[in-house]
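Residue numbers (our numbering), protein chains in the order written: chain A, 1 to 352; chain B, 1 to 352; chain C, 1 to 352; chain D, 1 to 352.
A portion of the hints provided could be inaccurate.
[Said to hold, decoys possible] Listed below are the simulated DSS-like cross-link pairs for lysine-lysine, each with C-alpha atoms no more than 25 Å apart in a straight line:
1. D:Lys195 / C:Lys286
2. A:Lys195 / B:Lys118
3. A:Lys131 / A:Lys231
4. A:Lys286 / B:Lys286
5. A:Lys286 / B:Lys118
6. D:Lys118 / D:Lys286
7. A:Lys195 / C:Lys195
8. D:Lys100 / C:Lys286
9. C:Lys170 / C:Lys227
10. A:Lys286 / A:Lys146
11. C:Lys4 / C:Lys118
12. A:Lys118 / A:Lys146
13. C:Lys118 / D:Lys118
14. D:Lys100 / D:Lys87
15. B:Lys195 / D:Lys231
16. C:Lys195 / D:Lys118
Hints in this document: simulated from the structure, not taken from any laboratory.
There are 4 protein chains.
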Amino acid sequence: MAEKKKIGILGASGYTGAELVRLLLRHPRVEIALLTADRRAGQMMGDVFPQFAPYYLPRLVTIDEVDWANAGLDLVFCALPHATTQKVLKDVLAKAPGIKVVDLSADFRLEDPAAYAKWYGHEHHALELQKEAVYGLVEVYRRDIKKARLVANPGCYTTCAQLPLVPLLKAKAIESDEIVIDAKSGMTGAGRSAKEEMLFSEVSEGFHAYGVGQHRHMAELDQEFSKAAGKDVVVSFTPHLTPMNRGIFSTIYVRGRRGKIAQDLHEILAKQYEKEPFVHVLPFGKAPQSRHVRGSNMTFIGVVADRVPGRAIIISTLDNLTKGASGQAVQNMNLVLGFAETLGIDQPPMFP
Amino acid sequence: MAEKKKIGILGASGYTGAELVRLLLRHPRVEIALLTADRRAGQMMGDVFPQFAPYYLPRLVTIDEVDWANAGLDLVFCALPHATTQKVLKDVLAKAPGIKVVDLSADFRLEDPAAYAKWYGHEHHALELQKEAVYGLVEVYRRDIKKARLVANPGCYTTCAQLPLVPLLKAKAIESDEIVIDAKSGMTGAGRSAKEEMLFSEVSEGFHAYGVGQHRHMAELDQEFSKAAGKDVVVSFTPHLTPMNRGIFSTIYVRGRRGKIAQDLHEILAKQYEKEPFVHVLPFGKAPQSRHVRGSNMTFIGVVADRVPGRAIIISTLDNLTKGASGQAVQNMNLVLGFAETLGIDQPPMFP
Amino acid sequence: MAEKKKIGILGASGYTGAELVRLLLRHPRVEIALLTADRRAGQMMGDVFPQFAPYYLPRLVTIDEVDWANAGLDLVFCALPHATTQKVLKDVLAKAPGIKVVDLSADFRLEDPAAYAKWYGHEHHALELQKEAVYGLVEVYRRDIKKARLVANPGCYTTCAQLPLVPLLKAKAIESDEIVIDAKSGMTGAGRSAKEEMLFSEVSEGFHAYGVGQHRHMAELDQEFSKAAGKDVVVSFTPHLTPMNRGIFSTIYVRGRRGKIAQDLHEILAKQYEKEPFVHVLPFGKAPQSRHVRGSNMTFIGVVADRVPGRAIIISTLDNLTKGASGQAVQNMNLVLGFAETLGIDQPPMFP
Amino acid sequence: MAEKKKIGILGASGYTGAELVRLLLRHPRVEIALLTADRRAGQMMGDVFPQFAPYYLPRLVTIDEVDWANAGLDLVFCALPHATTQKVLKDVLAKAPGIKVVDLSADFRLEDPAAYAKWYGHEHHALELQKEAVYGLVEVYRRDIKKARLVANPGCYTTCAQLPLVPLLKAKAIESDEIVIDAKSGMTGAGRSAKEEMLFSEVSEGFHAYGVGQHRHMAELDQEFSKAAGKDVVVSFTPHLTPMNRGIFSTIYVRGRRGKIAQDLHEILAKQYEKEPFVHVLPFGKAPQSRHVRGSNMTFIGVVADRVPGRAIIISTLDNLTKGASGQAVQNMNLVLGFAETLGIDQPPMFP
């Protein structure tokens, strides 16, 4: 049996950290060698996430405690907040330049420093790394990712919207100035920090939108859609929270271009994803449900004709913690470390 | 104290029936004199809905058992399935022509018999009554309703979409051919019949669309939006189910017409609904949540500027069982019977 | 029409505060004249609870801003945390001795200062008021409450357990040393403070116990059960949290005494509560569901024979925010101010 | 690589069938060679459970279509309703005597035909097989299971209660006539059949008990507890439904025997399960949560001292579809087919 690669997780006390641990514990080629969580340092992972109490895992430490040069790590997942991330990774890669990184924050997703400054309200502090970073949407950038040292794992909303829309924009099959993305997320997308508006009693039995007209994920969509279309694309995008834990569900309204109708769009997507292990295009006219991808790395996509002539409704859904975050991060790790792409993330969805 | 009017409810064993009972039990000017439920006839309402066990209510009977000419009823709510409804009401009004009716089905909402036949798959069997029926969206047709014998209570999705869009279409403030309505409903909207796809384990912890591209509510929207705009309007409309009991939440994407921007649309709606007791327009830029209207007859509307120039996002939310069905039905009853419009339906929302 | 009494609510930004506002807004004999919320002072109630945006309500102020002597208030509800409560009310009643108080905290429920000190970890700071306070379980202490200035509104868990058990202990119909109370609460019982363990993603899709073996509500149960039995009673009591908003559901295991069997226990309770407006005893052998009392001031009680000879299972359920807190507080207010006991709290439950 | 064993699943269209498919799809030593579902025969598994659409699986057939003698199956899981099961398995084993069977129904769990007749209302129709069947609670009957042809997989409630109580009864550490088991189950425990009382709108936002005083699972508990104690044991047991999908949570009230206190009980269980892969005993005084075992084959057990002297509260929780049904069934398969016991069922829990 091949030796296992040593993996670290920075920011292990959040939901994406827990999801990484869940997936990596049964990955046959890696071992979890480092877990950091500044505020919970000294505790065991089972204190922070009791589901892991029966498993052997390293004790949580602070990031400052790590001796990067001698830690012997092959790859680090970074699940820290944006802004913090760029400072930490700059330091880590200075001390241990040979280490590979898959970053789950938004810090290295935007190629244009001006776009970063506009949406995040401050200058980027690791511009050299930004230049080096490869955007980790595997189905689009697989080749580049294999050679990357630093992968910027895409956001959950944006992965869900890009997988159906990038091929259609590349094929110039839809009008790029009439795209409406109505996205709904489960509550884990909002993270684990204690905020009144995320209490069970506040968010159960109800539905709401947030960041209407101005959500940060738009910057990532703008960048990737514009690259795909070969011209500036600005979409209407509204994120919502729905009372469930896991899942992103995007209802996307488009108009076919140059006579393309819904069936044509379906054909493009079906062909594009025929051999992809983690994207499943339903038969034409069928719409997927978020629950049927839960816990898996799958994205399900459906295409339906709208009754308005020339228009189509595309539905795309994935698990925000898996394909929308930690599962895709492991997929990226597999590419970076030269493993089979599906290793450790090929378990079927869990429904009910 | 004025004598109480005698009220009947046909189809009392469904959710809209129960909601009517809840509201009417504390209405100061009416008494519930008749409850029908063919399959539960002979039982008490407390057997069908245990929350009513402590209250005095008439025993459930079949519709056939009712002696309409001598029942002494002033008004009947009809909460039966479509198609059945038109047969029953034709019979009731033939036997008791003086009775008033508020119908909660879709049977009398469509003015055009051809539209009915197209969407419901059969000829309409009570065309005379269809001609007589008044469409019961109070905020639009208040005057006509006061004089009506037969009121067609609007659908839940359509009420939620019409309240913000009808004034904007009337004012020619938005483009009528670029409207996208992305609507989310709680599960009670799907009724009380035992279907696998409505089981808790099927619909909790997930989100899905249904009737994509072809939902029956579209006929009602087409009719009313075309009337408001003075020309044919066909919108994109997608209904979804979200794991909560009550609430409709509509995210509506529009483009301003002739230079109108989001603030202009907000101003039109704010002015329109300034004095309406059951429509509340939030300050510009604010988005409502479905939970904050739960159990009440309120509709909350918010208008936000989209970042795409010229476009706006309008959010409208109501409780599908109250303003979307039984509450609006009582509002219609109040008009028809000459009561104050808010009687019995002025309780505040229940949150949490 | 009689003049309306002026009411204040201290601590209006929590869930019990909101529930008081919901009930009092439609109470025909009172007006809300004061709302305090120290951390939200200066805001409108609609900023803190958007469901109240359409209603006229006084702006939130700090407690220190209130000029008690000249505020003209007839009665104050106190929905503050324990310990704080006793200091605030001592001050309020010193400055405005004629004011009536219904306190929703635990501060004035325990007659024995030693019990208070043991369970709450500090001396009681308003012992004189403690002596004066009347325990507000209406169905037991109605007469005393009518004459009270300060009413200690009972806890939600304890109301739910006392209503079935106090009459049985008084009748010496059950063994007092074999009582097991397994209680389940909705999440609103945990209040509105932002704690990680109350986030939607933490508490949905799961079930757990807390305070196992040592919950503070036990002190209140001990006191009232011992009074009812005429000897020391110590029960086994375990509170749990279940993923719903409202409702307490108690499964109570008892053994009949001196040959009393389940039917006998049912008979005692049925007779006891025959004329009570807010306690409904189901037919023998039937078990209630929490959802069927939601939003109302009702308690539903069922008695079933256990298959173990001599044992019975009693199920009691109420809405923790209504009969378990604010509804019972209004019931107490009605008694204290001489109104009909059911005024403003007689709306039927809301299901679904 | 060793050749894969061929597996069949009878009754694949229910939740336990789907869970078996989820687990077996990634089991390294088996392949799914047969799936039956009489009412869905002819369809693909992806039509019945869309999450499996991307996976290769045999088309659903009726049981009658199967040529048992030539099907080449090594083992069959039977996930059919009780009563049907005994007829089907009698036939299957007559035609293919060499096949191994893990049965998930209640049909072969009760050793005493009289007990079966009493609780299920009819004679047992496969008494010979009943004699042969081995009760499949692995942690108790591991040795017998390894040699079995027909394993009766335990019920979900009973597994959850037996794992903590059997060792304590065997050790005579608790009083056997004062055991109270208050059990709460997620909704998947009620199966996938379309019943009004299982609709989302009926069971969300509420809590209820069912089968109070008389649930069929009691027969299984009686049998196993009496065997463990060496005398007749009859417990108080109440099942409840809580609004979540997966999980059984049992709060168990016991009295120590011969001076045994809660710590002693904890020590017995901690020692008993020290090396068991699927039972985790928490540190003394800690209580587990159902969500922390979700999707896994783990049982978490906690022991806490009650404040009532001599009494303890034991909490046991597992996922009803995994350790409570299909996971334990795979565990039994692993024993019967000679695989490592944890193969295919060692994935960590999924939280959140």
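Against the structure, the hints:
1. D:Lys195 / C:Lys286: Judged against 25 Å, a Cα distance of about 20 Å means the pair holds.
2. A:Lys195 / B:Lys118: violated, 50 Å
3. A:Lys131 / A:Lys231: This hinted pair holds, its Cα atoms lying about 21 Å apart.
4. A:Lys286 / B:Lys286: Given pair lysine 286 of chain A, lysine 286 of chain B is violated - Cα atoms ~35 Å apart, limit 25 Å.
5. A:Lys286 / B:Lys118: The hint holds at about 22 Å.
6. D:Lys118 / D:Lys286: violated, 39 Å
7. A:Lys195 / C:Lys195: holds, 7 Å
8. D:Lys100 / C:Lys286: Between lysine 100 of chain D and lysine 286 of chain C the Cα gap is close to 43 Å, so the pair fails against 25 Å, i.e. violated.
9. C:Lys170 / C:Lys227: Since the Cα atoms of lysine 170 of chain C and lysine 227 of chain C sit roughly 9 Å apart, the hinted pair holds (cutoff 25 Å).
10. A:Lys286 / A:Lys146: violated, 34 Å
11. C:Lys4 / C:Lys118: This hinted pair is violated, its Cα atoms lying about 42 Å apart.
12. A:Lys118 / A:Lys146: violated, 30 Å
13. C:Lys118 / D:Lys118: Violated, because 51 Å separates the two Cα atoms, which is more than 25 Å.
14. D:Lys100 / D:Lys87: holds, 16 Å
15. B:Lys195 / D:Lys231: The given pair, whose Cα atoms are some 46 Å apart, is violated under the 25 Å limit.
16. C:Lys195 / D:Lys118: Judged against 25 Å, a Cα distance of about 50 Å means the pair is violated.
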